[in-house]
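*Asks:* Sequence:
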Amino acid sequence: MFARPRSYLLKADGKVVERPQHMIMRVSVGIHKDDIDKVIETYDLMSQRLFTHATPTLFNAGTPKPQMSSCFLLTMKEDSINGIYDTLKQCAQISKHAGGIGLSIHHVRAANSYIRGTNGSSNGIVPMLRVFNNTARYVDQGGGKRKGSIAVYLEPWHADIVAFLDLKKNHGNELERARDLFYAMWIPDLFMQRVEADGDWNLFCPNEAPGLSDTHSEEFKELYEQYEAKEGLSRRTMKARLLWDAILESQVETGTPYMLYKDACNFKSNQKNLGTIKSSNLCTEIVEYTAPDEVAVCNLASINLSALVIPPTAETTKATYDFEKLQHISEVVTRNLNRVIDANYYPIEEARNSNMRHRPIGIGVQGLADAFIKMRLPFESEEACKLNRDIFETIYFGAVNASVELAKELGPYETYAGSPASEGLLQFDLWGVKPTGRHDWAALKARMAEHGLRNSLLVAPMPTASTAQILGNNESVEPFTSNMYNRRVLAGEFTVVNKYLLRDLTERGLWTPEVRNQIIADQGSVQNVRQIPQELKDLYKTVWEIKQKFILNQAADRGAYICQSQSMNVHMAEASFGKLSSMHFYAWKKGLKTGMYYLRTRPKADAIQFTVDQSSLKVSREEAAKSGAKSGAEGGSAGLEVEEEPECLSCGA
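Note that the UniProt record's numbering numbers the sequence shown so that position 482 is 482, with each residue one more than the last.
FYI, nobody ran anything at the bench for these hints, they're computed from the structure.
Heads up, some of the hints might be wrong.
[Unchecked claim] No farther apart than 27 Å at their CA atoms in a straight line, the calculated lysine-lysine pairs in the DSS-like style are these:
1) Lys318 <-> Lys541
2) Lys89 <-> Lys33
3) Lys386 <-> Lys549
4) Lys318 <-> Lys33
5) Lys168 <-> Lys579
6) Lys579 <-> Lys549
7) Lys65 <-> Lys77
8) Lys547 <-> Lys239
9) Lys38 <-> Lys77
10) Lys386 <-> Lys318
11) Lys445 <-> Lys386
12) Lys434 <-> Lys445
13) Lys408 <-> Lys325
14) Lys325 <-> Lys386
[Unchecked claim] Computed Cβ-Cβ distance ranges for the label pairs, DEER-style:
15) Lys547 <-> Pro603: 35 to 45 Å
16) Asn82 <-> Arg357: 17 to 27 Å
17) Thr320 <-> Glu219: 40 to 50 Å
18) Glu382 <-> Asn134: 48 to 58 Å
19) Arg179 <-> Gly432: 55 to 65 Å
20) Asp342 <-> Lys386: 34 to 44 Å
C-beta: ideal position from N, C-alpha, C; glycine also.
Please put together the full structure from these sequences, using the hints given.
*Replies:* Here it is, written out as structure tokens:
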């Protein structure tokens, strides 16, 4: 049933002491305690592989310290030695209990800023972040599982921004590098507008130009322009495009910084009544309010979209999708995650305060690409785009419906008054999008007006690298990266073939050594295999063969039903500044909150493909059998891309 369960099972003295079904029951009881009906409901749905809770929940539910939360968002307590080291201690305590961290440092003073208490000057953010870097290395996630993971967010007006962009680079002065942290831009619209217009951009120290991180949209623009008008206040005036090029350069070299758009994250948030949101999390799908006395938290789970495809019958001839069951699962997951808030162990009190007040949750998905293939829909087809919209509208409807029912029973969350939802506005209203008519939103809004919501935030598609392996799906909303690749785990390396492609080719008598060899030669692509019909070539396009514009369009289509944000990688075989810049501006103008998680690129030169006869691209049947021409064959094939065992278990849901 489970592809890689052992890392999730409880151990005693290094020995596994439970089976996968025991783990599912432990999680069910850990969440619902003595509510036997809910325990059985959760156990049944998880056993049928219809959804899974996030990795920390699978690890820790039902244990003496059930830290089941995936994500923690912090802002620096204050710009002082005490504030910085108090925040560092919080990060250490969270990492100790396997939490992934998003940290905003916008208001930490820049290098060479005056320090009144000592009559000295600040060293800026770089030496400080090196301390956080070493803490992340020292304090691992849950006793030797993984090293701590911290994403650091900074706005582009900060005077130390250029040094910030160099921190993860592979070359340069080691004293100015902190490569074990992850870096993210928190970008106001004004910066994008200045880049587009080739305008000037001024850098400020937050100690000398306060309030910029506490405002957004028009209020930010007014304050920023006031500071620009004050002579001598700006630390540096540069062309906005010069800084933009520095961002692109870092992304091409390191895959980061992540790109998140501050104004979209704030304007389209149901938490905007609380104050300005200052960062996302480690994996860019959680967007929640933080304050010195509030550490935002999110508990995650993901729905298995591929399991809800109804195979064709003699009557239907085509596969269909079970939206009724999808809504039911979304409602169950909402109730489960709401219970996790109350059953959870919180490593720090500020996290408990925040979670109890606002009660946000994060429902994600896995296997969207699997669902498309099962329904015979090419990723770029209009039918796939429609299914994408319908799936996320249904998930959002189910989540809101369940949260309203919980509010009817238990009352709305503490800070509901003044939120967009309290004024009758849901996520699609904030996007200016009209729902499809599939669901009765008017009736649901009427009940919401009467009872409120139990949870401030509901939907947040996250990376699912680890749990997608458990359920046998492709990750999250991502297209397939390759149809054949080598997976490297602790036990060694083995070749994985796209199981759907293998079935289709086998049924057609096309899975031959020659075809296999051609796919290896083309790094998992089927586009150049002459024996494969065009309909299958369209269906099995990899992410490198799908226009990024289509992926961004799908992200925007479902974005109207995602009240947090979505973790979204960008894939470019050969990233140039021009292509990357165009992609960023397209994402920003589409209204996305997260414009990019990681930039994934391919090496320009292919590895030598030792298993491929380059002269004829043929191998003997005996050699093919020996190397394992089947899904999950033993031993890797040289020349294929290598997928490492997933590193980030914090947000994996």
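*Asks:* Does each hint fit the structure? Answer for all of them.
*Replies:* Here is how each hint holds up against the structure:
1. Lys318 <-> Lys541: holds (21 Å)
2. Lys89 <-> Lys33: With Cα atoms ~32 Å apart, Lys89 and Lys33 exceed 27 Å; violated.
3. Lys386 <-> Lys549: holds (16 Å)
4. Lys318 <-> Lys33: violated (42 Å)
5. Lys168 <-> Lys579: Holds, at roughly 22 Å.
6. Lys579 <-> Lys549: Holds, at about 11 Å.
7. Lys65 <-> Lys77: This hinted pair holds, its Cα atoms lying about 26 Å apart.
8. Lys547 <-> Lys239: Answer violated: Lys547 to Lys239 is near 31 Å, above 27 Å.
9. Lys38 <-> Lys77: violated (39 Å)
10. Lys386 <-> Lys318: holds (16 Å)
11. Lys445 <-> Lys386: holds (24 Å)
12. Lys434 <-> Lys445: holds (14 Å)
13. Lys408 <-> Lys325: The given pair, whose Cα atoms are some 23 Å apart, holds under the 27 Å limit.
14. Lys325 <-> Lys386: Since the Cα atoms of Lys325 and Lys386 sit roughly 18 Å apart, the hinted pair holds (cutoff 27 Å).
15. Lys547 <-> Pro603: 35 to 45 Å: violated (21 Å)
16. Asn82 <-> Arg357: 17 to 27 Å: holds (25 Å)
17. Thr320 <-> Glu219: 40 to 50 Å: Check passed, 48 Å falls within 40 to 50 Å.
18. Glu382 <-> Asn134: 48 to 58 Å: holds (51 Å)
19. Arg179 <-> Gly432: 55 to 65 Å: violated (41 Å)
20. Asp342 <-> Lys386: 34 to 44 Å: Since Asp342 and Lys386 have Cβ atoms about 38 Å apart, the given range 34 to 44 Å holds.
Hint violations for this structure: numbers 2, 4, 8, 9, 15 and 19, all remaining hints satisfied.
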